[in-house]
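J.: Listed here are the chains, written in short residue letters.
Number of protein chains: 2
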Amino acid sequence: MRPAPPLRPSSVSRVLIRRHVPSSHRHVSQQAARSVAELLQWRPAQKADDVVVHGFVRSVRSMKTHRFVSLGDGSSLAPLQALVESKHAEAEGLTVGAAVRLTGSWVASPGAGQSHELHVGKVEVLGPSDAKTFPIQKKYQTPEYLRTMPHLRPRTPVNAVLLRLRSEAIASLTQFFAGRSFTQTHPPIITSSDCEGAGEVFTVTPANNTPDAVDNGSSQEPFFRSKKYLTVSTQLHLEALAQAVGNVWTLSPVFRAERSDTSRHLSEFYMLEAEMSFVDHLGPVMDLAEDMLRSLSTSLANSATVQDLLFRSRNSGSDLAPADEVKRRWEGLARQDWPRITYSDAVALLLQRADRFTHKPIWGAGLQSEHEKYLAEHIGGGEKPVFVTHYPRDIKAFYMRETQPAAPDVPGATVDCFDLLVPEFCEIAGGSMREHRLDHLLDVMRRQRIQKSPSSEGGADPDKPSVNGLEWYVDLRRWGCPPHGGFGLGFDRLLSYLAGVQTVRDMVSFPRWYGRCDC
Amino acid sequence: MRPAPPLRPSSVSRVLIRRHVPSSHRHVSQQAARSVAELLQWRPAQKADDVVVHGFVRSVRSMKTHRFVSLGDGSSLAPLQALVESKHAEAEGLTVGAAVRLTGSWVASPGAGQSHELHVGKVEVLGPSDAKTFPIQKKYQTPEYLRTMPHLRPRTPVNAVLLRLRSEAIASLTQFFAGRSFTQTHPPIITSSDCEGAGEVFTVTPANNTPDAVDNGSSQEPFFRSKKYLTVSTQLHLEALAQAVGNVWTLSPVFRAERSDTSRHLSEFYMLEAEMSFVDHLGPVMDLAEDMLRSLSTSLANSATVQDLLFRSRNSGSDLAPADEVKRRWEGLARQDWPRITYSDAVALLLQRADRFTHKPIWGAGLQSEHEKYLAEHIGGGEKPVFVTHYPRDIKAFYMRETQPAAPDVPGATVDCFDLLVPEFCEIAGGSMREHRLDHLLDVMRRQRIQKSPSSEGGADPDKPSVNGLEWYVDLRRWGCPPHGGFGLGFDRLLSYLAGVQTVRDMVSFPRWYGRCDC
Numbered sequence: 002m003r004p005a006p007p008l009r010p011s012s013v014s015r016v017l018i019r020r021h022v023p024s025s026h027r028h029v030s031q032q033a034a035r036s037v038a039e040l041l042q043w044r045p046a047q048k049a050d051d052v053v054v055h056g057f058v059r060s061v062r063s064m065k066t067h068r069f070v071s072l073g074d075g076s077s078l079a080p081l082q083a084l085v086e087s088k089h090a091e092a093e094g095l096t097v098g099a100a101v102r103l104t105g106s107w108v109a110s111p112g113a114g115q116s117h118e119l120h121v122g123k124v125e126v127l128g129p130s131d132a133k134t135f136p137i138q139k140k141y142q143t144p145e146y147l148r149t150m151p152h153l154r155p156r157t158p159v160n161a162v163l164l165r166l167r168s169e170a171i172a173s174l175t176q177f178f179a180g181r182s183f184t185q186t187h188p189p190i191i192t193s194s195d196c197e198g199a200g201e202v203f204t205v206t207p208a209n210n211t212p213d214a215v216d217n218g219s220s221q222e223p224f225f226r227s228k229k230y231l232t233v234s235t236q237l238h239l240e241a242l243a244q245a246v247g248n249v250w251t252l253s254p255v256f257r258a259e260r261s262d263t264s265r266h267l268s269e270f271y272m273l274e275a276e277m278s279f280v281d282h283l284g285p286v287m288d289l290a291e292d293m294l295r296s297l298s299t300s301l302a303n304s305a306t307v308q309d310l311l312f313r314s315r316n317s318g319s320d321l322a323p324a325d326e327v328k329r330r331w332e333g334l335a336r337q338d339w340p341r342i343t344y345s346d347a348v349a350l351l352l353q354r355a356d357r358f359t360h361k362p363i364w365g366a367g368l369q370s371e372h373e374k375y376l377a378e379h380i381g382g383g384e385k386p387v388f389v390t391h392y393p394r395d396i397k398a399f400y401m402r403e404t405q406p407a408a409p410d411v412p413g414a415t416v417d418c419f420d421l422l423v424p425e426f427c428e429i430a431g432g433s434m435r436e437h438r439l440d441h442l443l444d445v446m447r448r449q450r451i452q453k454s455p456s457s458e459g460g461a462d463p464d465k466p467s468v469n470g471l472e473w474y475v476d477l478r479r480w481g482c483p484p485h486g487g488f489g490l491g492f493d494r495l496l497s498y499l500a501g502v503q504t505v506r507d508m509v510s511f512p513r514w515y516g517r518c519d520c
Numbered sequence: 002m003r004p005a006p007p008l009r010p011s012s013v014s015r016v017l018i019r020r021h022v023p024s025s026h027r028h029v030s031q032q033a034a035r036s037v038a039e040l041l042q043w044r045p046a047q048k049a050d051d052v053v054v055h056g057f058v059r060s061v062r063s064m065k066t067h068r069f070v071s072l073g074d075g076s077s078l079a080p081l082q083a084l085v086e087s088k089h090a091e092a093e094g095l096t097v098g099a100a101v102r103l104t105g106s107w108v109a110s111p112g113a114g115q116s117h118e119l120h121v122g123k124v125e126v127l128g129p130s131d132a133k134t135f136p137i138q139k140k141y142q143t144p145e146y147l148r149t150m151p152h153l154r155p156r157t158p159v160n161a162v163l164l165r166l167r168s169e170a171i172a173s174l175t176q177f178f179a180g181r182s183f184t185q186t187h188p189p190i191i192t193s194s195d196c197e198g199a200g201e202v203f204t205v206t207p208a209n210n211t212p213d214a215v216d217n218g219s220s221q222e223p224f225f226r227s228k229k230y231l232t233v234s235t236q237l238h239l240e241a242l243a244q245a246v247g248n249v250w251t252l253s254p255v256f257r258a259e260r261s262d263t264s265r266h267l268s269e270f271y272m273l274e275a276e277m278s279f280v281d282h283l284g285p286v287m288d289l290a291e292d293m294l295r296s297l298s299t300s301l302a303n304s305a306t307v308q309d310l311l312f313r314s315r316n317s318g319s320d321l322a323p324a325d326e327v328k329r330r331w332e333g334l335a336r337q338d339w340p341r342i343t344y345s346d347a348v349a350l351l352l353q354r355a356d357r358f359t360h361k362p363i364w365g366a367g368l369q370s371e372h373e374k375y376l377a378e379h380i381g382g383g384e385k386p387v388f389v390t391h392y393p394r395d396i397k398a399f400y401m402r403e404t405q406p407a408a409p410d411v412p413g414a415t416v417d418c419f420d421l422l423v424p425e426f427c428e429i430a431g432g433s434m435r436e437h438r439l440d441h442l443l444d445v446m447r448r449q450r451i452q453k454s455p456s457s458e459g460g461a462d463p464d465k466p467s468v469n470g471l472e473w474y475v476d477l478r479r480w481g482c483p484p485h486g487g488f489g490l491g492f493d494r495l496l497s498y499l500a501g502v503q504t505v506r507d508m509v510s511f512p513r514w515y516g517r518c519d520c
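Quick note, the sequences are listed as chains R and P, same order. Quick note: to get my numbering, add 1 to the position in the first sequence (first position is 1). Quick note: to get my numbering, add 1 to the position in the second sequence (first position is 1).
Worth flagging that the hints you see were computed from the coordinates, not collected in a lab. Hints are not guaranteed to be accurate.
Put simply, identical chains are the same to the list, so a pair is met inside one copy or across any two.
Straight-line C-alpha distance at most 16 Å; calculated EDC-like pairs for lysine to aspartate or glutamate [said to hold, decoys possible]:
(1) Lys397 x Glu145
(2) Lys228 x Asp338
(3) Lys139 x Asp320
(4) Lys385 x Asp292
(5) Lys385 x Glu326
(6) Lys133 x Asp476
(7) Lys65 x Glu86
(8) Lys228 x Asp519
(9) Lys123 x Glu93
(10) Lys385 x Asp338
(11) Lys123 x Asp292
(12) Lys385 x Glu332
(13) Lys65 x Glu93
Excised from the complex, chain R in its bound form:
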């Protein structure tokens, strides 16, 4: 390295940065580029010159004098048509997959496929592409094949629509909760609870190949004092935050080490969780979930993205559910007054149709997916989502509040909880009132043997029985814990439902599940 020369600092200004920009790059900002979506909506009466667009070549048709280039930039399902003279010096670079900037005139098109097209004067190939080896083809490619290359898959037009849907849904939900003065929070990802040893958690340890460890040959102190896990749900931490600022929500990654191979499960997914403080019963919690999804549906239904989903041609080379089915889903969420039925009533209803089912409905057991499907199809008229409430206590989580007084005519104790079922997909959300009374919570934990883990600290104090790393959660009940409740919603599963994607693996850009974690 040479020693520093005696530089004279120039005056400190924006100009400095320009010094290093090669002059050949400077023309770029002269004319702002327009998105393909923007251009497709633009139908000027007269031709417009000096129009700049950038994007990726989706296909090329070579005619005698011209090449017809389909250009996409992810902003719309439909491509833009550009005409380039075959003799153009750069025409050879317009290969499938190439990243290009085109400048030309936007003129009415004589063709039937589009109202306008770009007559290109200037071609700049910014990122060349070897079309022969480019793995993304315009022809139909199976989802399984596309899943082998998650880093390239988003370049297919349908996957770009899915990315936009996610983005617009996040923005819409953020606005919904802000409008209701819910505080958006960032609960922790690395946590101390192993979810009661259910085994479906990932553990977190620092990589051992630090330079220090190698140099010293010594084994290091554990990074954290005890075993740590990736969160399976942010609910417990949200409850702590709700006792500080009232209603809270989060959209957070959560993790499950499930060794299962289904279209509904991933090892890593986003969960939307909300917690309401100072609510006495389940009604307002269900109202919130219902209002939220209705707001999402009505705010996005007319967006270009959802219109792309609803009015795509049948042969858009995708595996999405039929457009009319997807349309029904959006309309279902927009409807008022979703039915609410108790688990006990649902079981009674299912028993009346017991001959239809492989598994007999039994009060006290979980609902089988054939049961949920029946309820989702028939109670909501195949359209509206359905709340099923008040499940038996013994099949639900320890933190759920027991229904009191117990409903008459019900064979056992229930809890104040709900599952939200939609047609086809069944459960997309679940929620409950949380047990907010210290003695009741400790009773349940004792019954469910959550107490007295030997590894847990704090067991010596008889007033603070050991509760397997959940001492802090119990603590919340010691001082000022109002009645509260909330819900969690699988965000990727909801998006799959609304997009008509058949498996959540195709809704997530880089899906992780048992055996698979590419890139």
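Starting from the known structure of chain R, fit chain P onto it as the hints suggest.
T.: Positioned in the frame of chain R, the structure of chain P alone reads:
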């Protein structure tokens, strides 16, 4: 469990759920509660009856006939004053920390501290509190002490303000990016790259205590095929997504297993990362970072939350930086035209003041924190953030694009990158142009020995040299990779700066760092 009785399903309706609601709870929804913040702004000319508010008792002063209760609900730093007759049956339950619902009249207050106060008719203690053991006190408590109980710490008034600041900042940024048609994305958390073996990563493995493993006594297949890590940055994945939908951003948790104990570092924190596609040089990337922060500052500066931060009394029992200092930070971000200076010019400037520094500034070495501090204080006038650009290639990451043509008068190769420095805190963001050309990228990776890891797959194909699990990242350059660049910003650090919080550990509700991961 008793067998299911022959229930007759009731008509499916909203009414069902009401059946289980004890009548004693029904009164609640009759009068909607107002937040403390809302009430403090409300100055009716005449007294208003039947006002309902819920919250937590912060303090109680007992006088002869009345108790003066300070009530907070997280919506404002200032509490509401409520007067309860000492002889009220429930008055005894109004202990510090208790969660209560108060109903009464909102009347002009004779006291100096508030314009109005609540004359309470009805007291409901919804979550009692044993004030003697409640660890949160109104008197000053050190940050170190509060950090030992992260589940309770958010209940202090200042911590509630910090939670609201985070929420409002997320909403504001979401709106900013939506307004510019950036797609918000969810890049993966579990990734394949170990960050070039730097050792500061966490590994992810499933807990081994699954019932299956125990039952079979067998060692299971590894959950994923190879070693997996928690992401340290989403940039590489964002680049893939930017090639599909153009400009993208994310606010995502990232992880560093740094065994360091500083006020600036956490093992888990949120990073805001943005990637711009089809940009040829660094200017627009810096413009984006600058515009984003200016928009954040101007959109929030007049919010109740920021006003709480700026106009809090000096003895609010917090360790925040002085309010006038915090005010200067907000104003600094709102200013136009932040200075931009090259690293080389910065080093020359520092050399002129070399006697001030413990470490002599040397071209080719990183800037020491005393150097950054000097630049942040002097170039931005102690107010505006400062971009330092074009650092030496050899001290920067492999993916950064080399500056071409090289600037004259500069002793070695540089890259198109920037650090964004603010007074006091120094670096809060960093960005660069990414090397988008395949051959150039492979050259750098070869030079930095990122290639030819024996553990990597795909090494057999001479056209696809092994690049240590980054084959997919190299692949992005094979087909249609336009010039692009982006930046990352430590979100929690930014919030600390804007709140005046001295250590990022007090900005995050459940902070994790070397040796510490409570709750």
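J.: Checking against the hints above, which ones are violated?
T.: Structure breaks hints 1, 2 and 11.
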